Amino acid sequence: MPSLLKPLLAVFLLALPAAARAGTVTIKGSDTMVILGQRWAEAFMKKNPAIKVQVTGGGSGVGLAALQNGTTDIAMSSREMKKAEADKLKARYKAPPAQRSVAKDGVTFYVHQGNPVGALTTEQLMKIYVGDISNWKQVGGADAPIVAYSRENSSGTYVFVKDMVLDGEDFAPAIQTLPGTAAVVNAVSKEKNSLGYGGAAYAEGVKELKVKKGNEDIAPSADNIKSGKYPLARDLFFYLRAEPTGDLKTFIDFALSPEGQAIVTQVGYFPVK
Amino acid sequence: MEQGLTRAVAAPRLSAAARRRQLREKAVAGFITLMAFTGIAALVLIIVFVAKEALTLFTDADARHEASLSKMFLAQEGRYPFRWQPVSDTPKVSMIPLFVGTLKITLVSMLVAVPMGVFSALFVAEFAPRRLRELLKPVIELLAGIPSVVLGFFALMVLSPMVKDLFHLDRPLNGTLAGLALALAIVPVIFTVSEDALTAVPRSYREASLALGATLWETAWKVVLPAAAPGILAACVLGFGRAIGETMIVLMASGNADIVSWNLGDSARSLSATIAAEMGEVVVGSPHYALLFFIGVELFIFTFVLNMAASAWTKKVLQRLTGSAS
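Residue numbers (the numbering used here), protein chains in the order written: chain H, 1 to 273; chain X, 1 to 326.
Hint data in this document are derived by calculation from the structure and do not stem from the laboratory. Bear in mind the structure is a predicted one, so any value in this text is a computation, not a measurement. There's no promise every hint is true.
Listed below are the simulated DSSO-like cross-link pairs for lysine-lysine, each with C-alpha atoms no more than 30 Å apart in a straight line [stated by the list, open to error]:
#1 Lys-47(H) / Lys-82(H)
#2 Lys-52(X) / Lys-210(H)
#3 Lys-207(H) / Lys-164(X)
Some residues of chain X that are not near chain H, with every Cβ distance over 10 Å (derived) [claimed, not checked]:
#4 Ala-75
#5 Tyr-80
#6 Pro-86
#7 Ser-88
#8 Pro-115
#9 Pro-161
#10 Ala-220
#11 Ala-257
#12 Val-260
#13 Ser-267
#14 Ala-277
#15 Gly-280
#16 Val-283
#17 Leu-306
C-beta: ideal position from N, C-alpha, C; glycine also.
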């Protein structure tokens, strides 16, 4: 038995570094994108068994920092790279960093179907969620208290709303939080004075609020999100130290392919193409 | 006589079969002891692990700055003195809203579940005809088998509009709803243990009471119930422990707003639901992560102290009942 094991072990040990060399792509960054990244990696590795893709989260800032330190090949980021970060990368690697928009993320606000309010400005939404507005009357609705729902602070959507709508401010203490967008949708569909938010794909049995911008009410439709017209949408990015080549290019091409973009839709985001 | 005492007693010779049996006996005893200690060791290790993860709060400079004890327990400056907003530019980590929320929900559930559980146990043990008892007991005990996530879902979908209309509340998800749904989970616990305690009261007590001319109700209320008091207290403590630690029901039904208000119609955020909601995505090793473990330690301390107090009180009651002063 040992005589049989030895050569096996030797082969295995020899193969190990070779396998590692054969191509490992590491991806790190935004927690919003971790699941998307993992789905891509799974599907990609099924098609290209020779290339190994490792995906970890930590946050957009963590991913971009890791890109500078050289500990990751691709940084996932739900915000655009800051100029200071880009300059550092350029100085260190003598090439401008490459940016790829790989998906779009948007958030929709929901109200009960019987609610006469059809559109709110982002400013009104902010005031509601920080606690300055607490009655529908103040935004053109009926005289009733606003029952506002939010997501748990572990959710990417929570951070999105906090960044994009509340400008980084804290949610008011009276804002209720629910685990999962489905729970929010359900609660909103039942309670006529309620307001909640989540991904657009979930909106069933509730009314999607349009966002008022100037004189126009913009609906959170896929077209408006894709074109960037809907204000509560953002790009999700891949950042690299240089223009992708080799395995990196294969992976990114896959992510942007129709198959990769179909995964984007499955995960609940919007495709860029 | 003396000779007989000092003489070594020869061990009786065992047959081979008897020796084998003895050996087997020892092996079984050893195995059972090992199992018992594995259980205890696992418990101790869990506590050690939880405490160790929470310890970062006090050893790590970053964490000490972000979540000092004063930030956790004292009023902070700003628009709201007590906030639980650990994911923020300036994290706010007050435990006060969580304490208030937990107590509020637990209080409601105990107010409903204790009388319901104890009285249904009293009814089943003392008054119900045999047929009815054999129907009621398993049905109530079956309630204990409903997974709490199902109860939570039931509260969210079915109970919430009913409770809202009944009490004329603004919010469908609130402390009252969570407390009521929680009561559904702890009534069977209180019922089962109380019923056992009541049935264990000796028949002679009842017979003596009835022979003295007491009615059935007087016997149940003034004789059987006090005699079963320690067991009933144990039932309530078990129920309380379940209520304070219950997660899914509270997470789904309480609204989880970190609001400091004793109004039962307002939302509430409990300690256990906070752990459940936030642990999934928290960065391992961050102050927030340590904080969640610290909440776990607090929950453990609560139930531990409560159990100690209850067992001390039970001892006192037992002494008074049995009349033994020592």
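We went through each hint and held it up to the structure:
{"no.": "1", "hint": "Lys-47(H) / Lys-82(H)", "in the structure": "violated, 34 Å"}
{"no.": "2", "hint": "Lys-52(X) / Lys-210(H)", "in the structure": "violated, 49 Å"}
{"no.": "3", "hint": "Lys-207(H) / Lys-164(X)", "in the structure": "holds, 22 Å"}
{"no.": "4", "hint": "Ala-75", "in the structure": "holds, 14 Å"}
{"no.": "5", "hint": "Tyr-80", "in the structure": "violated, 6 Å"}
{"no.": "6", "hint": "Pro-86", "in the structure": "violated, 7 Å"}
{"no.": "7", "hint": "Ser-88", "in the structure": "violated, 6 Å"}
{"no.": "8", "hint": "Pro-115", "in the structure": "holds, 29 Å"}
{"no.": "9", "hint": "Pro-161", "in the structure": "violated, 6 Å"}
{"no.": "10", "hint": "Ala-220", "in the structure": "holds, 43 Å"}
{"no.": "11", "hint": "Ala-257", "in the structure": "violated, 5 Å"}
{"no.": "12", "hint": "Val-260", "in the structure": "violated, 7 Å"}
{"no.": "13", "hint": "Ser-267", "in the structure": "violated, 5 Å"}
{"no.": "14", "hint": "Ala-277", "in the structure": "violated, 4 Å"}
{"no.": "15", "hint": "Gly-280", "in the structure": "violated, 5 Å"}
{"no.": "16", "hint": "Val-283", "in the structure": "violated, 7 Å"}
{"no.": "17", "hint": "Leu-306", "in the structure": "holds, 28 Å"}
Figure legend: structure checked against the earlier numbered hints; hints not met, in rising order: 1, 2, 5, 6, 7, 9, 11, 12, 13, 14, 15 and 16.
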